[in-house]
Amino acid sequence: MNLNSYKLSFSIAWVHLVSKPKQTIIAMLGVTFGIGMFIALVSLMTGLNDFTEEITMTSSPDIHIYHDITETRLSILEQINPNGINRVHHQKPKDETLRLRNARQLLDLIRKDDRMQGVAPVLSSQVFYNYGPVQLNGLILGVEILEEDKLFDLKAKMKEGRLEDLLSYHEGIIMGSGLAKKLNVKKGDRVVITTPQGFTRTLKVVGIFQIGIGTVDNVRSYANISMVQTILQEEQSYITDINIKLKDRHLAKQVAHELQTKFSYKAEDWETANATFQTGVTIRNIITYAVSFTLLIVAGFGIYNILNMTIYNKMKDIAILKAMGFAGKDVRSIFMIQSLAIGLVGGLIGLLVGFTLSSLIARAPFDGGDVISLDHFPVNFDSTYYITGIIFGVVTTAVAGYMPSRKAAQVDPIEILRGQ
Amino acid sequence: MTAIVNYVLRTQDIIKYFYDPEKFQVLKNISLTVNRGEFLSLVGKSGCGKSTLMYVLSTMDTDYQGQLEIAGMQLTGKSQNELAQFRNRHIGFVFQFHYLLPEFTVLQNVMIPALKLGQFSNEEIEHRAIEKLSVLGMQEHAKKRTSKLSGGQQQRVAIARALINDPDIIMGDEPTGNLDSYNSGVVFDIFRELTSVYKQTIIAVTHDDEFAKKTDRVVVMSDGQIATS
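One line per chain: the protein sequences are H and A, in this order.
Plus 3 on top of the position in the first sequence (first one is 1) and you've got our numbering.
Plus 717 on top of the position in the second sequence (first one is 1) and you've got our numbering.
Warning: the hint list may mix true and false statements.
The calculated lysine-lysine pairs, modelled on DSS-like cross-linking and capped at a C-alpha distance of 27 Å, are [as the list claims (entries may be wrong)]:
#, chain 1, residue 1, chain 2, residue 2
1, A, Lys861, H, Lys25
2, A, Lys916, A, Lys930
3, H, Lys184, H, Lys207
4, H, Lys332, A, Lys795
5, A, Lys861, H, Lys10
6, A, Lys861, H, Lys23
7, H, Lys153, H, Lys25
8, H, Lys25, A, Lys931
9, A, Lys931, A, Lys916
10, H, Lys250, H, Lys269
11, A, Lys745, A, Lys762
12, H, Lys265, H, Lys250
13, A, Lys795, H, Lys410
14, A, Lys860, H, Lys23
15, H, Lys207, H, Lys189
16, A, Lys931, H, Lys10
17, H, Lys410, H, Lys10
18, A, Lys865, H, Lys23
19, A, Lys916, H, Lys25
Some residues of chain A that are not near chain H, with every Cβ distance over 12 Å (derived) [to be verified]:
#, residue
20, Lys740
21, Lys745
22, Ser748
23, Asn752
24, Lys762
25, Met771
26, Asp780
27, Met790
28, His815
29, His844
30, Ala859
31, Asp890
32, Ser898
33, Asp906
34, Lys916
It should be emphasised that the hints constitute simulated quantities derived from the structure, not laboratory data.
Backbone N, C-alpha and C fix where the C-beta goes; we use that ideal spot for every residue, glycine too.
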């Protein structure tokens, strides 16, 4: 009985929809446009977010431990006389080295923690790369290259040469692609580097990497940690940084805090290090959802209007249906079915339109310039956004359809049947 | 039990007020019994309350005092949903205008109340609808859109639709009010045949004296009361 009732409501709704094809199509187009744009926007925005997140992650560790000598400290005066009114003008950092004391023990301790995926010691130093008479400022990182690979997947970033070559060739260097281009060196060439202390050394380029961010590729090169210790004339335990990759990246803040209190060295998590990037992600998300939501609301108003008009035109039909034994809920379901059908079909077409748009955008050429190496737009084809889109669309149309449908259910048949 | 009683509709002391623009008693203690197979016309000057009474009898108007019983069922105080179901099963309507659904064919229009009732299969309902249409001489128009028919034909389709669930009672509100004299005659003859051949009970509100005179029983209303019956 109930099933029959629904079948009947369904066929009446269907006849209403197909008897006014223009009106139905316009209502559907509203939803199609809303959802199509939502998918295209979300795909592009999240694609961009993922892309920037990925390249940011490849250049910054989950947690970075270093000795922050610029950290403000209490002056001697304040230490001696903590309750007095003290004034120390322009206090400078203490003359400390950047080294992490007992770095090897620290490494062993951190490695024991099973939340860690990889832990790599780094010795970094400013250097000059000599290119004839020109000196280019840059950075050299002394690393255990295989540990470093675990953190940043360097193998995939190699343009020339192999990581293992660095292990077999002690005086080797792996250079960023931008830097190599500026210095006009290829694999196998030799470069002369100068430390701030004035020592020079000639190293052989065994490989060239490209991470994709100009600020890294244009200045950075990797060498063996012992090599860099030698250049800086420091002993075997001289390490300035520890980079950590966690099994769960989202624990970074908490773990960083633990490590900082435990070792009293600065431990910076990736979110703090990339705060501007995080802000960008948030703002892009807000814009995407605001625009899509607005589009869908506009589509909802369209459906509301069209259903209202339909119901106004169908007053007599509604009255006679109620006289013949249709209950309010049957009448309501006739119009709810119409709005849901518009929402569902319009939404599905919208997904298709969105997918097509995203595919087109993904193929559009886009020059990231020197800053990021990108030749087309990154687009995300994650199915969750498609599910979100269709649910969003159907819910909007259901809400927009509910009010006019309820009005139709409440039509008093007597007023219409006897009025004329 | 209900089979023994020979009346199909009975009211007791129906009282109804209109509140707009001011309180006004439109029905005053209406008690009426309609027997099975009776062809009854409800007449009176306009404003006497005859239409109002009919809409109370139709169960669509529930804002009244008193008792209403149709086909052995006490209907006063039932919910709107129950009353809708009741109308579907027990009452057929013919109005001044046909109120056929314009997007549907003649056959579909006739079938809708039966599909709603859901007592028979679709094939059976279609068969019954064609049967009803042929009683009214409309079977050859079954596949047409209702808008392609003349006024008289449309009214005949509306009657077929009222008959589809074999209702206990057919209620007409000026069923010939919008028809010329020829078509009025046709509709009256159909009603006549339905009551005499099929023992169908019919209550028709009309201001057409010719029509009323020929019915079995004329109930005259005046000032919210039954004057003669």
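Far enough from chain H: is every CB of that chain over 12 Å from the CB of A/His844?
Per Cβ check, A/His844 is outside 12 Å of chain H; nearest 17 Å; holds.
Hey, H/Lys207 versus H/Lys189, does the alpha-carbon distance stay inside 27 Å?
It holds: about 10 Å lies between the C-alpha atoms, which stays within 27 Å.
Keeping to a limit of 27 Å between CA atoms, is the pair of A/Lys865 and H/Lys23 held or broken?
Given that 27 Å is the threshold and the Cα spacing comes to 18 Å, the pair holds.
Checking one constraint from the list: CA of A/Lys745 to CA of A/Lys762, max 27 Å. Satisfied?
holds (16 Å)
Need the status of pair A/Lys916, A/Lys930: alpha-carbon distance at most 27 Å?
This hinted pair holds, its Cα atoms lying about 19 Å apart.
Are the Cα positions of A/Lys916 and H/Lys25 separated by 27 Å at most?
Violated. A/Lys916 to H/Lys25 sits at ~48 Å, over the 27 Å cutoff.
Take the C-alpha atoms of H/Lys410 and H/Lys10, compute the straight-line distance between them, and say whether it is at most 27 Å.
The given pair, whose Cα atoms are some 22 Å apart, holds under the 27 Å limit.
Say whether it holds or is violated: A/Ser898 keeps its Cβ farther than 12 Å from all Cβ of chain H.
Correct as stated: the minimum Cβ-Cβ distance to chain H is 21 Å, above 12 Å.
Hint check: A/Lys860 vs H/Lys23, CA-CA at most 27 Å. Holds or violated?
With a Cα-Cα distance of about 20 Å, the restraint between A/Lys860 and H/Lys23 holds, given a limit of 27 Å.
Over 12 Å from every CB of chain H: does A/His815 meet that, or does the non-interface label fail?
Since the minimum Cβ distance to chain H is about 9 Å, A/His815 lies within 12 Å and the statement is violated.
Run the distance test for A/Lys861 versus H/Lys23: straight-line Cα separation, threshold 27 Å.
holds (19 Å)
Holds or violated: H/Lys265 and H/Lys250, Cα atoms, limit 27 Å.
holds (20 Å)
The structure is inconsistent with the numbered hints 7, 8, 16, 19, 25, 26, 28 and 31, although it conforms to all the rest.
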